[in-house]
Structures are given as structure tokens and as C-alpha cells.
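Colleague: Chains A and B are the protein sequences, given in the same order.
Mapping of the first sequence onto numbering that gives the first Met the number 0: residues 0 to 194, in sequence order.
Mapping of the second sequence onto numbering that gives the first Met the number 0: residues 0 to 194, in sequence order.
It is worth saying that the hints were derived from the structure and are not from the lab.
Errors might be hidden in some of the hints.
No distinction is drawn between identical chains; accordingly, a pair holds when it is met within one copy or between any pair of copies.
[Claimed, not checked] Heads up, simulated DSBU-like pairs for lysine-lysine below, C-alpha to C-alpha not over 35 Å straight-line: (1) Lys-152 <-> Lys-66; (2) Lys-72 <-> Lys-156; (3) Lys-66 <-> Lys-105; (4) Lys-142 <-> Lys-105; (5) Lys-105 <-> Lys-53; (6) Lys-50 <-> Lys-191; (7) Lys-152 <-> Lys-105; (8) Lys-156 <-> Lys-191; (9) Lys-66 <-> Lys-142; (10) Lys-191 <-> Lys-105; (11) Lys-191 <-> Lys-66; (12) Lys-50 <-> Lys-105; (13) Lys-53 <-> Lys-156; (14) Lys-53 <-> Lys-191; (15) Lys-50 <-> Lys-142; (16) Lys-152 <-> Lys-191; (17) Lys-72 <-> Lys-142; (18) Lys-152 <-> Lys-50.
2 protein chains.
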Amino acid sequence: MAPQSGTEKPMFAYSSITCQAKSGWSWTLVGLRLLAFLATAAAAVVMLLNKQTKTLVIATVGTTPVKLTLTAKFHHTPAFVFFVVANGLASIHNLLMLMVDLFGSKVDYKGLRFAMIAILDMLNVTLVSGGANAALFMAELGKNGNSHARWDKICDKFGRFCHRGGGALIASFAALALMLVISVISIVKVLKSSK
Amino acid sequence: MAPQSGTEKPMFAYSSITCQAKSGWSWTLVGLRLLAFLATAAAAVVMLLNKQTKTLVIATVGTTPVKLTLTAKFHHTPAFVFFVVANGLASIHNLLMLMVDLFGSKVDYKGLRFAMIAILDMLNVTLVSGGANAALFMAELGKNGNSHARWDKICDKFGRFCHRGGGALIASFAALALMLVISVISIVKVLKSSK
């Protein structure tokens, strides 16, 4: 922060106020980022491990049932793969930014650190939004089907798969909300840092 | 960069430099915003008007063919409805911000205008990303189907519908790229404006 006044006294007063404000902001931000990291990581892990195997009887020959084993996995659906990638990358981003928030004050250069963080936050919130919304609409299709396209719902067969996928979606949308708040704070910090 | 000397002369010289620089930035931004507005508006309108009616012969009774008329419309798919809403809202946002870029310098308050624009840009880029990605993965499903979920592709039947939907998607992703660049510029402007 460049002191801009000509006299010494007001300069120090202003500087101490911004330092206090910055400290308060920083701890809120660290807390929010930790929550966002946990939410994106949970979303990615739950979706990654989401798998359900079901054996259906499709016919009976004599008295012997003919069985068909079906497996629902996240990687059968491209939207869910993107969901895992987006949330995984956002987790890494939040973890790195957590490090920068905690230890990055030593490597600042002309306040560019805050602008850089704001830009990276903006890019990551875009990524999470894309992943979460793509998975949401695919999940809606799995739950309700689409009679116009003759796509039947599959959640009646794979209840647990859908249930866990729903959990991952809730975590991801919670992360999206947190990251929107974090992005707003990051932009406000750019404004404050350079004043 | 803040003038830090106590004399009057360098301050005025600096002021004229920033005005020139700001003007250059502003015109680039106006151009980018106009392109982004056109792209989101085109995406929304093309998807909104996307409709294909097809008559299929499903059986023949004697010599009389039994026909089935199917219509593919964007509003049969929730992801496409969200796509239209997201791109429509982003168009309105870009149009409003265009007005602010051109005429807003009179209503600025302590540089908060730039932070406000950066925050709104960030929210809108998130919205467009959600809409574009949701529609992309639904379009991919229409094009390739998903054998695991037994969802058949429909683009072999509704070629024109898929073709136009693809055009809308390209426009929306172009808008997303433009809005990412605009958001970065907006954040840099916050940094510059308050120095």
C-alpha cells in the first residue's frame, strides 16, 4: 500500500485502520475458502466413488430366471466426468489460494497479488458453475426422463446412485455459492488494497 | 500508479496519461462488450426459435401408411430453457454495461462503479458458463446417445434442430470467452481506477 499523503500523522492512522480491516477480511476469507474447498472436494469424491450395480430379471426360461447385471457409474456420463474434473480443479485452486491468503503477503508485487487472486477466483467460479449446472440437468433427466426424446428415467432403477449424485450436486452448488461470495470479496479486496 | 510527489506539475501530467490510457481501454471494452452482446443475443434467439417438425411412417396398414408427427422444440429440454434464460439475461447485462461504459463516468462514486461492474461481470460469466455447459452436455447426449442409460441419439431424426442448436452453442461459448476477457479487464480496471 502506497502512502499518498504528504504529512506523517494521518498516513499512519490510515495504514493501521486498513491493516485491522484487512486482518478481519482475511480470516473471514480463510474460513470461507476452507468451506469451499471442503465442499468441492466432497462433491468430487462422492461423484468419483458413485457406483451402483443392479441385477435385474429380464425373462424366465422354464424356471430359470435370466438375469442382467447393470452398473451405473459416473464415468458413463460425460457431464459427470466434467463435474468431477471441475470440482477437483476448484479444490486445488481453493487449497492454493488458502496458502496464498495465509502466507502470500511476503511475495506481493505492487498489489498485483489481489488482482491475480480475483481473476483466478473468477475463472474458477465459472468452471464450477459449468460443471455443477451440466451435472444438474443430466441428473434431472435421470430423475424425470424426457418423454419428447423418449429418454426414460433411470433413478427408479438406480436409486442409490441418484441419491449420492444428488448429494454431490448439493455440495457443488454450496461450493458455487461460497465461491461467488469469495469472488466478490476478492474484487472488493482489489479495490481496498490499491487505495 | 499513484503520483506520490508533493509538487503539482507531475500530478497533472500523470492525470492526462491515465485519461488517455483509460480511453484506449474503454474503447476496447466497448467493442468486446458489443461482440459479447451480439453473441449472447444470437445464442438466445437461435435457440428460442429452434424447432423442427418431422413426420415419420411408423407402420403400414394395407397400403395406408400410419404416420407420426414429432416436433423437437427447445422448451422440451430444461437445459435448453436455462440456456435461453442465461443468454438472455447476459445480453441485457452486456447492453446495460455498454451504457455504463459509454455514459456512466458521470455517476461514479469513489471508484465503486468499477468494482460494481467487475462483480456484475463475474456473476454474469458464471451464469453464461452454467447455461452453455448444461446445454452442451445435453446436446452431446442428443448427438451420441448414452448406451448405458439406454438413451438413444435423436440427431439422426432431427438433423436441422441439432444443427441450429450447435450454432447457438458455438455463439454462447464465443460469448463466454469474450465475457471471461471482459471480466479480467474489469478486474484490472478496478486495480487501475483506485490507484
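Colleague: Any of the earlier hints contradicted here, and which numbers?
Modeller: Failing hints, ascending: 3, 4, 5, 6, 7, 8, 11, 12, 14 and 16.
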